[in-house]
Amino acid sequence: MMFLEYSLIGIAAGGIYGLLALGFVFIFMASGVFNFATGQMMMLGAYFFLAFSKIPGLPWWAAFALAILGSIVVAIILEWVVIRRLIGQPVISAVMVTMGLGWMLQGTASLIWGQVPQQLPDVLPRAPIFIGEILVPGRSVWGFVIAIAVALASVVYFRYSRTGVALRATASDQITAYSMGINVPASIRLTWIMAAISTTFAGVIAGSINGVTPELSNVAISVIAVVLLGGVNSVGGVIIAGLMMGWLETISGVYLGGHWREVIPYLAVLLVLLVRPSGLFGSKLVERI
Amino acid sequence: MGRISIWVSLAVLLLALPWASSGYVVFLACLCGVNIVATLGLNITTGYTGLLSLSHAGFVAVGAYTTALLSNHWGVPILVCILLSGVMASLVGGIFGLPSFRLKGIYLAVATLAAQYTIIFALRQGGPITGGDSGLVVSIPQIGGLALDTNQKFYFVVLAVTVLAIWISRNLFFTRIGRAFIAIRERDFTAEVFGINLMRYKALAFMIGAFYAGVAGSLLAGFMRVVTPEQFSLTESVFYLAAVVVGGAGSIAGSIIGAVFMTLIPEFIAFALESTQEAFGFRAIAILGSVREIVFGGMIVAFLVFEPRGLSEVARRIWARLKRTKSSSSDNAHSKHT
Amino acid sequence: MVSPAVDRLGAQSPSQPLLEVADVTLTFGGLHALSGVSVEFEEGTINAIIGPNGAGKTTLLNVISGFYLPQQGQIRFQGRDILSMPPSARATLGIARTFQNISLYRGMSVLENIKLGAHTTLRTNVLAGGFFSRATRRQEAALTQRIKEEIAPPLRLNEYLDDPVEGLAYGIQKRIELARALALSPKLLLLDEPVAGMNSSETEEMAKLIQRVRAEWDVTIIMIEHDMSLVMGISDRVAVLSLGQTVCEGTPAQVQTHPKAIEAYLGVDDDAVTEVHA
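Residue numbers (this note's numbering), protein chains in the order written: chain Z, 1 to 289; chain L, 290 to 627; chain B, 628 to 905.
Since the hints were made in silico from the structure, they are not lab data.
Keep in mind that a hint or two might mislead.
[Claimed, not checked] Which residues of chain Z face chain L? A partial, calculated answer using Cβ under 7 Å: (1) Ile-11; (2) Arg-85; (3) Met-96; (4) Gly-100; (5) Leu-101; (6) Met-104; (7) Gln-106; (8) Gly-107; (9) Ile-112; (10) Val-136; (11) Ile-224; (12) Pro-277; (13) Ser-278; (14) Leu-280; (15) Phe-281; (16) Ser-283.
[Unchecked claim] Pulled a few chain B residues facing chain L out of the computed Cβ check, cut under 7 Å: (17) Ser-692; (18) Tyr-695; (19) Met-712; (20) Gly-721; (21) Asn-728; (22) Tyr-732; (23) Arg-733; (24) Gly-744; (25) His-746; (26) Thr-751; (27) Ser-760; (28) Arg-761; (29) Ala-762.
The model shown is predicted, which means the values in this text are computed figures rather than measured ones.
Positions of the beta carbon are idealized from the N, C-alpha and C atoms, including for glycine.
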């Protein structure tokens with residue numbers, strides 16, 4: 001019984017991973033850049049919400065909207081620094097820049113808000129929910145529901161909307177997309193905006209459950225593990241992989257001990273690389289010479 | 290004649306350092322040496338071969354702890370320790386990197402991130418062997434029967450190893466090995482056409498870099514005499530990356546310049562924060578960690594965006610301009626200078 | 628054996644061909660890049676592979692190099708099956724190539740770029756390299772000398788040897804690519820559009836060079852080209868590819884008037900006649 005309860009909690013936590021992984025994958029598919037600042041963007045989203053919610057008289061949903069806006073602004077600045085300036089340099093430079101930017105964000109956040117965990121306003125209902133006979137904390141369930149809703153909305157947008165189709169064209173072949181009249185730079189910027197939105201949602205959810213600290217950024221490695229596990233070019237796959245990773249972390253934390261919880265995503269990454277680098281659901285990346 | 294006298298003066302300066310300056314300067318010099326060796330290694334892996342590595346600090350840790358254990362438990366002399374630490378770090382690097390050498394570079398980068406965390410995790414959970422979070426105290430390094438119990442004495446070991454490391458790196462890039470590394474960075478499939486087995490050479494570049502890291506760690510253990518997991522966090526891996534970027538990727542001189550620059554920057558920051566403590570009255574040292582993160586990250590971004598070839602390129606430009614004005618003025622004066 | 632659908636003109640040479648491409652089929656997903664391609668290349672000949680864009684010419688070269696593994700067919704070099712050999716192993720057989728897009732390595736000088744071609748002829752390992760052993764020094768010096776005296780002069784590259792490759796003119800870069808391939812001392816040289824983007828005097832110079840390489844160095848040449856003056860001017864044999872299939876093969880004169888060859892170019896015959904400027 002306990003196993004089932006922990007499993008559900010784990011899967012619920014995995015919703016956040018799926019959401020973050022999506023933000024990561026969209027950027028990667030459009031521009032080939034591994035956004036190592038994903039974790040810090042999430043942390044920043046949570047802190048923005050914290051800051052805006054402190055404004056007296058502002059309802060929480062307005063604070064949340066402002067947090068999303070703030071994240072989008074930051075994402076656009078990041079994209080402007082990363083992509084624009086580094087065209088012509090190898091991709092490894094862009095990846096390193098996202099790392100550097102992430103580091104700067106994390107350092108800045110800890111300067112402004114310190115290392116002590118902060119409480120976010122209670123936006124997720126706390127009341128525990130019964131699933132069959134199992135009791136799951138309310139915030140976990142609601143967090144999961146919201147995360148999955150946002151994730152699915154992004155996927156639907158990516159699949160079916162006009163801009164989404166343009167995005168997918170850019171993702172599969174930039175040069176052809178250009179020649180078809182698609183505004184590739186705008187598409188790339190859009191993926192960063194989408195990442196900003198999903199990371200803010202993820203950050204607020206995670207922050208509501210665990211409190212906000214700059215350490216929230218460290219979720220990035222779990223996200224990378226999720227992306228690799230799901231397949232770096234499979235939008236649906238990474239969501240499922242996120243749930244799996246959430247489950248894996250929680251179960252290993254319970255049955256192997258708290259310390260193992262930290263290292264499990266890294267071991268998972270190494271295992272995936274060894275056995276199936278294209279991930280469970282991804283396809284092999286064909287490099288045209 | 291001018292060039293030789295520069296090298297001679299430099300040699301004299303370096304050899305006389307322990308007597309000519311304070312203990313703090315010698316400490317900094319040792320730290321610079323360690324960081325130069327480490328940065329040279331990372332430059333081989335990331336700068337020359339283009340394999341992004343986030344685990345360099347982890348490999349330095351492997352070297353440091355290996356030396357600590359060999360020295361403490363078996364009294365192994367320091368020079369042997371240094372060699373064995375390099376080998377150990379290289380092996381650990383090989384094990385973690387192995388699945389990724391046949392894949393594209395980004396997979397290796399992710400594997401190194403995993404390696405970094407796993408190594409530190411293992412060190413912290415290593416209980417009696419690694420000393421857990423408190424780490425280990427390192428016994429006094431030995432050469433022959435001589436105990437190198439002060440920084441002044443150990444400095445010469447650091448100096449010798451650093452010079453050797455520079456020389457070896459320089460040599461590599463006069464040979465087909467170095468050329469293969471650069472080719473892999475630039476256009477790896479074309480390198481294959483000319484007989485370069487990508488998997489083998491990527492492994493080589495990665496393991497050589499790890500070897501250097503292990504050696505650097507060994508030196509670090511030798512003069513710090515304390516090793517803790519905290520010294521080798523991800524932030525330190527970013528430190529070494531910043532040193533490569535700031536100094537100049539794919540450049541030996543760049544590795545040296547970058548390492549020295551990055552070594553002095555935190556000292557600067559700490560100094561600046563301490564001075565402002567009086568002015569602003571808050572515990573500035575408490576924010577040292579955050580400021581370091583911002584500065585390291587900022588250096589990487591600033592240099593990649595504005596000066597991707599690093600300080601070594603800046604230095605080269607200044608040098609070229611100086612030579613031009615020198616030659617034009619000597620032309621004007623109608624005299625010949627060598 | 629050659630598939631009957633292909634028109635093969637001219638006498639068959641009795642000796643074993645240097646390179647045989649036999650019934651090679653390569654698909655990407657559902658796309659047939661090459662279908663049942665069969666060609667033979669005799670030793671000491673200059674061969675051209677021509678055809679409209681998208682015909683699969685570079686793909687064929689990539690299959691010979693070893694980047695793509697065909698689903699069907701065989702490739703034999705000096706009678707030996709090389710399909711199971713990875714690209715890096717094929718270099719040791721003496722197969723060298725140049726690329727359609729210049730792929731010289733930044734961060735190295737012209738001389739170093741050329742030296743890379745000779746990678747398989749050197750014996751340096753990490754220890755020897757790191758400590759710059761005497762053997763290593765000798766090998767490097769010998770290679771430098773060989774390049775300076777034998778490879779660079781006919782290509783007029785001696786004055787550029789110590790320059791970085793970035794920023795050099797396109798024509799010079801093309802010659803450096805050729806020099807790099809020659810440094811391997813190849814038996815077979817694959818040239819992907821050697822005169823793309825060159826004017827008529829540069830093309831003429833390259834034509835003479837290719838013939839000289841064949842004559843003095845005993846190298847068999849396979850080139851992909853759109854420039855018909857070059858193709859018809861110096862080739863011993865020409866193969867026409869269209870939509871992943873061999874259309875016909877023979878001497879330049881035979882191919883020029885062959886109805887199937889003309890048909891393959893129909894609709895794009897402007898490209899077939901004019902030079903391609905990059």
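Hint by hint, here is what the structure shows:
no.: 1; hint: Ile-11; result: violated (23 Å)
no.: 2; hint: Arg-85; result: holds (5 Å)
no.: 3; hint: Met-96; result: holds (6 Å)
no.: 4; hint: Gly-100; result: holds (3 Å)
no.: 5; hint: Leu-101; result: holds (6 Å)
no.: 6; hint: Met-104; result: holds (4 Å)
no.: 7; hint: Gln-106; result: holds (6 Å)
no.: 8; hint: Gly-107; result: holds (3 Å)
no.: 9; hint: Ile-112; result: violated (9 Å)
no.: 10; hint: Val-136; result: violated (29 Å)
no.: 11; hint: Ile-224; result: holds (5 Å)
no.: 12; hint: Pro-277; result: holds (5 Å)
no.: 13; hint: Ser-278; result: violated (9 Å)
no.: 14; hint: Leu-280; result: violated (15 Å)
no.: 15; hint: Phe-281; result: violated (17 Å)
no.: 16; hint: Ser-283; result: violated (14 Å)
no.: 17; hint: Ser-692; result: holds (6 Å)
no.: 18; hint: Tyr-695; result: violated (11 Å)
no.: 19; hint: Met-712; result: violated (11 Å)
no.: 20; hint: Gly-721; result: violated (11 Å)
no.: 21; hint: Asn-728; result: violated (9 Å)
no.: 22; hint: Tyr-732; result: holds (4 Å)
no.: 23; hint: Arg-733; result: holds (6 Å)
no.: 24; hint: Gly-744; result: holds (6 Å)
no.: 25; hint: His-746; result: holds (5 Å)
no.: 26; hint: Thr-751; result: holds (5 Å)
no.: 27; hint: Ser-760; result: violated (9 Å)
no.: 28; hint: Arg-761; result: violated (12 Å)
no.: 29; hint: Ala-762; result: violated (11 Å)
Going through the hint list in order, the structure does not satisfy hints 1, 9, 10, 13, 14, 15, 16, 18, 19, 20, 21, 27, 28 and 29.
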